[in-house]
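Each chain is listed here by its residues.
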Amino acid sequence: MAELFGWTGLVLHIDLTTGAITREHPDPAAYRAYLGGKGLAGRYLRPHAAHEINDPDLPLLVFTGPLNATIAPTSGRGTIMSRSPLTGTVCDGSVGGHLATQLKRAGYDGLVITGQSPTPCGIEIIDGEARITPTDLWGAASDVVFDRLTSRLPKGASMACIGPAAENGSPLASILVDRRHAAGRGGLGMVMAAKNLKYFTVKGSGKVRVHDLQALKDAREEIFRLTAASPVLLGRHGFSRWGTGSLFDLMDARRMMPTDNFRKTRFENAGQLNAAAYKKRFSPHSHGCAGCHIRCKKIAADGRGLPEFEAMSHFTALINNTDMELVVEAGDLCNRLGLDAISAGATLGCLREITGRDFTPDTLLGGLREMAEGGDLGRGAVHLAETWGRPETAMAVKGLELPAYDPRGALGMSLAYAVSTRGGCHLRAYPISHEVLRKPVATDRFSFSGKARIIKIAEDMNAAVDSLTACKFTFFAAGLEEYAKAFTAVTGEAVTGFELLGIGERICYNERIMNAANGFDASDDDLPARFFTEPGTSGGGVDIKPIDRDDFLDARARYYHVRGLDENGLPTEAKARELGLEI
Amino acid sequence: MKRLCDKYAAKLVAQRLADPGEPLVGGLDDVLEWNREDPRARELAKVFDRLSINSLVFARPAEPYAAILDFLAARHPETIRPEDTETRTFLHDIPVCREFSGEALAAHLKKRKSVIVPGHGIASFGTVTPEQGFVFYSSTIFACFVLFFSEYLARARTGTLDDEYREVFRTVAAGLPAPHAAPPALTAGLFNDEDTVLAAMAEAGRAVVGFGLVDSFFGNISAHLGGVVHISQTGSSLDELEGCIDPCPMDGSATTGLTASSELSAHEDVYRRSDYACILHGHPKFSVIMSMDCDRTDCPNRGRCHVACTECRTVDGVPIVPGEVGTGPTGLCNTLPPAMAQTGAAIVHGHGVFTAGSTDFNQAFARLLDIENRCRERYFETVNAHD
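Protein chains in written order, with this note's numbering: chain A, 924 to 1506; chain V, 383 to 769.
It is worth saying that the hints were derived from the structure and are not from the lab. C-beta: ideal position from N, C-alpha, C; glycine also. Heads up, a few of these hints could be off.
Stated by the list, open to error - Here are some of the chain A residues that sit facing chain V, going by a computed Cβ distance under 10 Å: (1) Leu1157; (2) Gly1158; (3) Phe1455.
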């Protein structure tokens, strides 16, 4: 095999049923077609995408990208992917910390975990050596797992684990990484639990070969200059200084704060619960993923992680809670139990609407513990709402609970939610970037005009970003133009930003094919009825109306056309062939 | 999309960046629409087939910009590299394409945000709205204008001018619009409430654009009232500021300034160090050109002047400071505030001018205009002295 730059050229396969550990050299063409990260993981998932969660053949995929473990800015992220136990769709999480960096330094572009261990186990990888080891940590909270592993593993090892929520069968279960990061959405933790896999750890000491270090330094300099000019990233009120919580004031000011389970869009107590209030009360310091100069995570003086924007919003406005300490405690508990904080908060919001009862600290934290014990509450908002005979109260798309951006205040966001391949996710196209944050330029957030193509292009771009890999936040400032230079410098493969976009299109279409195989069509690319019938909270010069159903359907039809899908949202053979795929 | 195509075609004309009837702006959602019919649209449509974009701007610039572009494209046959810091940050460099065809344009636009086709015009694109193409088109003209006059001055200093450059320079200089002699009468008096502040900012923004002291996308404006800095949003057009101004409390009690101008830090620090009530920031071209004019050819910081200049340089007493856009160790947020607090005005190397006013925008505007007019005079005086 020709010598590779950027990629290691090796994928590690671990079968927990047989204990077999094998190494594969993927076809170099696969790297060019899918890059790495989300793209390459999707290629490995495709043949198994219709498997049930308990099927040992359903893989759990952990993939790095060519930029991991290089000096390319924000290149510390990786992908964890499988089929979602919550939604049945393809499901990937872009995960931070040091996991992807360590895996790459250990010599692997990816890790494919299949099978089912007869007893609870862990996987430990140190450079070229990998072993499956029995564990007595089953049932332990994630902080206990991290404490125990930290005490006996080499310094700098990266660790991923599940908590009790996964073990008890909650499809809201996350995979925690390096204590402060998570593949949160879609229940990927439950896939690990189905394999009897409690944790996996990686420590690498190798170096990634870079084709042209000076060119990479030049590209890095361009990206640094652009991020320095970005108000959202490094500005006075930006993520670096305040964390993603700095969105809190803005979302409320724009009348987009999901309040009372999306029945209102402004929270009257927002001013007392914003990022500034957290900073004053918890005196946080900054923490970041490997290779990141933005460092958007904020850690309280007592060591607890402060909530990200979505948890800040859902544990307050969505459920009418004004106790900031309770928010931090709830976020911390979600991490220890291994629960997705967005879905957990949204499920509590659903429960509150159904019962009409506010939460006390005891009932809120008790609710989270109940989720982690299995049962109806732990199965998410859609299941809960159906169980109570109130399906209209589940604010979810394809079964995935919506995050903290009300789609009535940003119509591109409404379309992005609806067509996202993993359900109610804000990150596939992240139109908040232009509809609210004005990057790369502002668009009219109350119009669908042009949004079909904008969403499609943004999905393609983010798929490429998650495959390189880099952090999507950086793309508030830089673009694929700059990252193509970094990619070329690292790999020696000449590529333009538009060619990366083309690879992103292939990756997205591949996911559409997998979802179609699992029965998803246009009827699933939709929003909860509430958004079409009820207004949000108008004021401050803006009118938050219900979304016009016809306009939405027209925009969705245009999206299907632009994406190369048929009128039912299904992939076509012709388009698949054009992208080098098969149906 | 058609409405946006029309809007930015009109804006190119209104800002005298293209002649009436010249701009072609195409927008694609599911169907491609143009602002008007033109035989060239057929060729330009091929760019959409080759690139995943949603809009394209194409026009031959108005004079004297067209002459500048054609001249520079002849002197820099493959790539024009801007010297001013802002366009260098965002555009990196500008390729030159010798052939007007969809295929050739797409090949260049694959790599960069705009491309110059000598004798034909500038093509630029957007992936979100036609505004991006408008901004890149406008930035390309700005970058080329600054480069043309900067190179001429540098060559005049070193005695390396040639007749062709002199000839084009004479034509271009003769085609420059006459400088505005007097500032406009903006609303006078102290800012007493938020509504007054917002109206005054919108008025001043329109005037700065109207006087050609900034291309509409660049620059920023702020006013200080009761511990709150009201500042134009990032990427806002200064001639369309209504609804695009963020209130940013200086006590750090809110983060509503997440969408504020990238220069919020610098503005805030100026207010902390002084009693000024408002700040204007524009990119007047001759101020930018003169800020980069330096006769120290043996300076060890040559080539890094925008971040590393240690000289106390001035233009008619107005300090020139180094500093890049935004924050960071070499950001202008570190260098601008102390200079501004002392003199009420400063030029950032290769970037633009900041001026402050004590009560309203009249003083700040007059100072901005005066600095640009003085720089323009100094420019031609210096050229004449050396050639």
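Which constraints among the numbered hints does this structure fail? Numbers only, ascending. Failing hint: just 3.
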